[in-house]
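Enquirer: Following the hints, position chain B with the ligands against chain A.
Read off the chains here:
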Amino acid sequence: MEERNTSRKSFINYLLGGGFTLVAASFLYPIVRFVLPPKSTEAEPMAVSAGKVGEMHLNSGKIFKFGRKPGLLIYTEQGEYQAFMATCTHLDCIVQFRNDSESIWCACHNGYYDLNGNNISGPPPRPLERLNVFIKDDDIMVSKIT
Amino acid sequence: MKTYTTNLINWLDKRYNIKEIIGFITEKKVPIYKHTIWYYMGGITLLFFIIQVLTGILLLLYYRPTPEEAFESVQFIMTQVHYGWLIRSIHSWSANLMILFAFIHMFSVLLLKSYRPPRELTWVTGVLLMYISLAFGFTGYLLPWNELSFFATKVGTDIAGVIPFIGKFIIRFLRGGEDVTGATLTRLFGFHVAVLPGVIIVILVIHLLMVQRQGMSKPIGLKEVKKGMLFFPDFFLRDLLGWLFAVGILAALAAIFPWELGQKADPFSSAPEGIAPEWYFLFMFQTLKFFPARILILDGEVIAVFIFAALGIFWILIPFLDTKARREQKSPIFTTIGIFAILYVGIITILSYFVFK
Ligand code: HEM
Ligand code: FES
Chain A
1 MEERNTSRKS FINYLLGGGF TLVAASFLYP IVRFVLPPKS TEAEPMAVSA
51 GKVGEMHLNS GKIFKFGRKP GLLIYTEQGE YQAFMATCTH LDCIVQFRND
101 SESIWCACHN GYYDLNGNNI SGPPPRPLER LNVFIKDDDI MVSKIT
Chain B
1001 MKTYTTNLIN WLDKRYNIKE IIGFITEKKV PIYKHTIWYY MGGITLLFFI
1051 IQVLTGILLL LYYRPTPEEA FESVQFIMTQ VHYGWLIRSI HSWSANLMIL
1101 FAFIHMFSVL LLKSYRPPRE LTWVTGVLLM YISLAFGFTG YLLPWNELSF
1151 FATKVGTDIA GVIPFIGKFI IRFLRGGEDV TGATLTRLFG FHVAVLPGVI
1201 IVILVIHLLM VQRQGMSKPI GLKEVKKGML FFPDFFLRDL LGWLFAVGIL
1251 AALAAIFPWE LGQKADPFSS APEGIAPEWY FLFMFQTLKF FPARILILDG
1301 EVIAVFIFAA LGIFWILIPF LDTKARREQK SPIFTTIGIF AILYVGIITI
1351 LSYFVFK
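Protein chains in written order, with this note's numbering: chain A, 1 to 146; chain B, 1001 to 1357.
Among the hints, a few may not be true.
As the list claims (entries may be wrong) - For lysine-lysine, the following DSSO-like pairs were computed, each having C-alpha atoms within a straight-line distance of at most 30 Å:
hint, chain 1, residue 1, chain 2, residue 2
1, B, Lys1019, B, Lys1034
2, A, Lys144, A, Lys52
3, A, Lys69, B, Lys1014
4, A, Lys69, B, Lys1264
5, B, Lys1289, B, Lys1034
6, B, Lys1264, A, Lys62
7, A, Lys144, B, Lys1168
8, B, Lys1289, A, Lys69
9, B, Lys1227, B, Lys1330
10, A, Lys62, A, Lys144
11, B, Lys1226, B, Lys1029
12, A, Lys65, B, Lys1264
13, B, Lys1014, A, Lys39
14, A, Lys144, A, Lys9
15, B, Lys1289, A, Lys62
16, A, Lys62, A, Lys52
17, A, Lys65, B, Lys1168
18, A, Lys52, B, Lys1264
19, A, Lys39, B, Lys1264
Rather than coming from a laboratory, the hints here were simulated on the basis of the structure.
The shape of chain A in the complex, shown without the other chains:
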């Protein structure tokens, strides 16, 4: 009799505890989903115009919009165009072209990349993401390398 009673009690406890957990979970799940933002639906652009031919000086660089992210376009001393995503691979700052050292520099923690985007000194752990450059009419077009 005693035995049956306690096992019945613990059965009811499990039922209550389990029910409570389920109710709590059904409250929490939508809240957690709500708090994490939806994935952006805006597609990355295929190709954008980063500037006009003839607009830049030799040995200079500029930031352009690659969709919602910044890109860096460089017109080298030799008259070549190079383009990269401008997001530093260290902690997300935006890099800049330095014409004094002909390199790419991140002011946040003094990181340097060469003109091929390779990390050469300071904390950046990886090269910058490189972009394709091609000329179309008088636009300097930039696209992702696929």
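Expert: Chain B with the ligands alone, transformed into the frame defined by chain A:
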């Protein structure tokens, strides 16, 4: 007058039994000895917090949390609103002083070993208050949406990304997306003016009730402090005097060195030189840089972040780990840990300004 108050007290006492509480407070004593001065530090921290609540509510009357308007609204506060520059300057200065005094308060409690039984939970709630204050500072920093705070927030939130598995989730949670954008501003604003105030009030009240209930601790070995003063009115009045002094210093700093606004943030321009978090994050930030990029097969930053997380938990658990102090014995190990922590944080912070840059 006298009879009105007595009547009111009697009226309340019939219903809520408040004479018990009044009796408790009027008999409470604060020990007097050479370290009594440290008992004022928590009170000063509390004062600065109250000032934050008041000035924060005032700023809310004009501040607008969107990337298009945030910078302009702070500019408006500073140039058009009567005494707006002063209110903003006080909010910024008092934020820094609040954190400074929270540090002083915490380290003095650590060295006096006031955390030993029965006050373990006072320490635990105190450390939580410290962490929440840091969160206040971090979330508030972005709100003016200037260049410095924009990039510092990019860096600060990106550090979370090094945590394995959940790092990406934490970044998205903090930023409200992949990048620091208007979504981040709105989110951190919500934390700053709604979530954190709600949480801190609850913990602060618990912290203060515990202190009032248990009274001030006496350091180990000084069991027989003979002298004492009544908490009310003696200590309370001295507290007020300290507050007056602190308010004076705050007003002078805020008026003589108005807080700067800087340049508006532009998510499509290169980071300028001189990006740095607020001073109270510098020691962590600098430590991160001491770690090499790779340690064996692991990322140096991952290890650094884990060490900091472990230290953060260790700090909360100190009252339970300091077994000597629990037995009312001197515990030189924890004194050494405390002094080392003070020196490390102090020296690295100062060096960050002058040497590391
Ligand atoms: C209930 C309390 C609070 C409210 C309602 C509040 C509200 C605000 C508002 C509206 C701003 C934006 C205006 C501006 O940037 O000048 C701001 C900025 C800021 N808050 Fe608070 N705040 C509160 C508490 C705190 C606390 C406790 C701290 C720190 C310990 C703090 C630290 C900051 C900082 C550092 C800024 C940036 C200041 C600046 O550069 O302008 N706040 N706060
Ligand atoms: S974010 Fe570029 S070097 Fe740190």
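Enquirer: Broken hints, numbered, in rising order?
Expert: 1, 3, 5, 13, 14
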